[in-house]
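Q: Here is how the chains run, residue by residue.
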Amino acid sequence: MSPMGGHPDKGRSGVDEPPGASTLERPSRQLPSGRHGLPRQYVVDNQRERILAAVMQAVSASSYAETTVGDIITGARLSRRTFYEHFDGKEDCFIAAYDAAIEAALHTTRELTAGGESFAVKIRLVLERLVENVVAAPDFAHSCMVEVVAAGPWALQRRDEAMRTFAALLRDLGQPETADEVTVPPLAAELVVGGLHEMVSARLVQGRADALGEELDQMIYCALVPFCGHARAEALSRGATA
Amino acid sequence: MVRPPPLLPTGLQRRLLPADASRRSTLPLASEQQPEPGSPGEAERAALQRALVRVLSKPGGYHAAGPGEIARAAGLSPETFYAHYRNAEECYLATYDAAINELRVAMAEGAEEARSAHGADAWRRQLDGAVGAMLTFLAKWPELARALFTEVHNAGPAAMLRREAMLARFVSDIDHARATLDNPAPALASGVLVRGLDQVISARIARGMTQQLPMMLDDLSHYWREPGTDD
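Protein chains in written order, with the working numbering: chain A, 240 to 481; chain B, 2 to 232.
The reader is advised that the hints may include incorrect statements.
[Claimed, not checked] Beta-carbon label-pair distances, calculated as ranges:
#1 Q280/A <-> R55/B: 46 to 54 angstroms
#2 R55/B <-> A474/A: 50 to 58 angstroms
#3 D98/B <-> A304/A: 34 to 42 angstroms
The hints are simulated quantities; they were obtained by calculation from the structure and are not laboratory data.
C-beta: ideal position from N, C-alpha, C; glycine also.
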């Protein structure tokens with residue numbers, strides 16, 4: 240599960256989600272050892288997914304800096320040799336797990352915003368799911384949203400790309416809401432997405448993820464305001480499902 | 002003529018001024034001139050802080066900035082370094098505080114200019130002025146920008162606490178300026194603004210686009226401006 244991917248209750252079904260969304264939740268899905276007659280590709284995919292789940296668990300349990308390849312292979316119950324058949328090292332492995340989490344989050348966001356609801360309702364659905372998932376699994380969210388900053392320049396670049404992808408999604412959703420002749424520039428959408436991401440990160444660092452539930456309406460306001468202006472953003476962000 | 006009392010007793014420009022702004026640093030980090038030293042110790046500290054900023058802009062960043070490197074870049078001995086700072090972290094923290102103060106002075110000046118031009122209740126213009134001044138400051142001093150925005154993440158937990166305190170202070174400055182003007186935006190809006198700006202700016206610095214920051218003001222200001230108006 241990622242901070243955005245899946246659902247805290249339904250995620251485990253894994254039916255309508257991409258591989259990263261459902262498998263990352265499971266600490267381990269070890270195949271029986273010995274001759275099991277499974278196709279080679281299946282075994283390889285399964286190993287890879289176990290490693291991705293293990294790296295996120297190890298980072299959640301301590302920090303990126305303190306996590307070692309030893310911790311990852313212990314968690315995945317695989318040999319060091321198998322690990323290096325899949326990844327160059329800890330950084331490569333963490334980035335693959337981060338990519339899977341972002342992929343799942345994007346998938347969920349697209350799914351939640353595919354219907355005919357209004358912009359404000361779609362924003363509520365997406366942010367509500369984000370908050371639910373962060374509150375349900377704060378350690379995992381901490382790895383994806385806070386620890387990623389400590390995981391070197393490649394991870395930072397991935398994070399930067401993810402922010403811009405979500406900003407583009409927000410802009411696509413919000414643009415039809417704006418008055419004629421008004422265009423919200425990509426940078427303003429990037430500011431909103433980056434700001435909301437960092438507000439959630441700050442609550443995780445403070446150990447106050449629970450507070451996010453009460454801040455949901457305000458988060459929705461912040462996402463709407465560049466498109467709708469103050470008065471409408473305030474009216475549309477208030478209370479239960481608008 | 003008696004000047005009318007300011008409409009904004011806690012206006013953005015005043016909130017932004019550091020507590021000791023009256024005796025503005027005699028040894029600014031953001032200056033090409035080698036400043037007149039107040040005392041030999043002060044001159045050495047200034048030289049070490051400037052050297053640290055230069056060292057931080059090299060590929061290894063903070064991880065490569067040991068006391069030896071900093072002293073060498075300042076043209077001083079390691080002994081002189083240790084006479085002022087116990088380690089690189091202490092030197093970084095002093096540099097961070099000094100640079101943030103200089104940034105705040107520049108932002109306060111930007112807000113004050115906007116206040117003179119557009120009036121005391123034009124808070125969005127004052128915010129334009131303050132943020133614009135910040136972007137100009139960073140573009141003019143790209144090494145300082147990197148030291149403040151990207152290397153802070155590598156400089157240890159104490160530096161991260163300073164960063165958190167700096168962000169919180171900017172948030173409360175904007176909240177106060179808004180509150181005096183009856184601006185009804187919810188509490189979280191200022192936090193999203195400050196942290197969002199930090200993200201956009203840090204990403205540009207990491208991509209080597211620091212010089213382009215001032216051109217981004219107009220696009221960024223859509224977050225605090227009413228859509229389709231000049232306000």
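Q: In this structure, is the beta-carbon distance linking D98/B and A304/A contained in 34 to 42 angstroms?
A: violated, 25 angstroms
Q: Confirm or reject the claim that Q280/A and R55/B have a C-beta distance inside 46 to 54 angstroms.
A: Since the Cβ atoms of Q280/A and R55/B sit about 52 angstroms apart, the hinted range of 46 to 54 angstroms holds.
Q: Is 50 to 58 angstroms a correct range for the gap between the Cβ atoms of R55/B and A474/A?
A: Holds - the Cβ-Cβ distance for R55/B and A474/A, about 52 angstroms, lies within 50 to 58 angstroms.
In terms of the numbered hints stated before, the structure departs from hint 3 and from no other.
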